[in-house]
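Colleague: When you get a sec, could you build the whole thing from the sequences and use the hints?
Per this note's numbering, the sequence shown starts with residue 27, numbered consecutively.
It is possible that part of the hints are untrue.
[Unchecked claim] The following label-pair restraints were derived from C-beta to C-beta distances:
#	residue 1	residue 2	range
1	Leu159	Leu51	15 to 21 Å
2	Ile164	Leu101	44 to 50 Å
3	Lys66	Gly143	48 to 54 Å
4	Lys94	Ala32	46 to 52 Å
5	Pro43	Leu82	38 to 44 Å
6	Gly162	Tyr139	40 to 46 Å
If you are wondering where the hints come from, they were derived from the structure by calculation, not from laboratory data. Cβ atoms here follow ideal geometry from the backbone N, Cα and C, with glycine treated the same way.
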Amino acid sequence: MLFAAACGAAASYFFFPSQMPAFTLLAAGSGLLPDLDLRKSKGSQLLYAAAAVFALLAAYWLSLADGKGYQEFLLYLAAVVIALAASDWLLRPRHRGYMHSILFLAILCCLCYVALGAFFASALFVGFASHLLADGCIKLL
Numbered sequence: 027m028l029f030a031a032a033c034g035a036a037a038s039y040f041f042f043p044s045q046m047p048a049f050t051l052l053a054a055g056s057g058l059l060p061d062l063d064l065r066k067s068k069g070s071q072l073l074y075a076a077a078a079v080f081a082l083l084a085a086y087w088l089s090l091a092d093g094k095g096y097q098e099f100l101l102y103l104a105a106v107v108i109a110l111a112a113s114d115w116l117l118r119p120r121h122r123g124y125m126h127s128i129l130f131l132a133i134l135c136c137l138c139y140v141a142l143g144a145f146f147a148s149a150l151f152v153g154f155a156s157h158l159l160a161d162g163c164i165k166l167l
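Modeller: Encoded structure:
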């Protein structure tokens, strides 16, 4: 993460000097993304926290917002948590698999560019690529 932040600061010095703090933070955060396939990584822990918030909001929206009771809320919460746990168990790739590939980086950056623009896509590229360089594990596919 520190290497990604340093790379982000260096890149923003040349390309986005007026937005250096934001670019550096985004690059540091995106440096955690390749390790989402590792259960004990900081990125995975943040993802689990976000999934817990999502589960609570989804259960609330499905039950209490429609005027149903707390029993339905707990039932929906259990269903959402089970669905999230099952998808994590079934879909999580092996460590240093496709999430450490240049193809995955290119697809992710293209999606980010379309959705958020060049600033965010550039920060994502710098952070993600710096992680791949630091790992020394760069694959084409």
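Colleague: Is 15 to 21 Å respected by the C-beta to C-beta distance linking Leu159 and Leu51?
Modeller: Distance hint for Leu159, Leu51 holds at roughly 19 Å.
Colleague: Between the beta carbons of Lys94 and Ala32, is the distance compatible with 46 to 52 Å?
Modeller: Once the Cβ atoms are compared, 51 Å apart, the range 46 to 52 Å for Ala32 and Lys94 holds.
Colleague: Please check whether Gly162 and Tyr139 have a Cβ separation lying inside 40 to 46 Å.
Modeller: violated (27 Å)
Colleague: Within 44 to 50 Å: is that where the Cβ-Cβ distance between Ile164 and Leu101 falls?
Modeller: For Leu101 against Ile164, whose Cβ atoms are near 46 Å apart, the range 44 to 50 Å holds.
Colleague: Do the beta carbons of Pro43 and Leu82 sit within 38 to 44 Å of each other?
Modeller: For Leu82 against Pro43, whose Cβ atoms are near 40 Å apart, the range 38 to 44 Å holds.
Colleague: So does Lys66 sit 48 to 54 Å from Gly143, Cβ to Cβ?
Modeller: Cβ of Lys66 to Cβ of Gly143: about 33 Å, so the range 48 to 54 Å is violated.
Hint compliance for this structure: hints 3, 6 are broken, all remaining hints hold.
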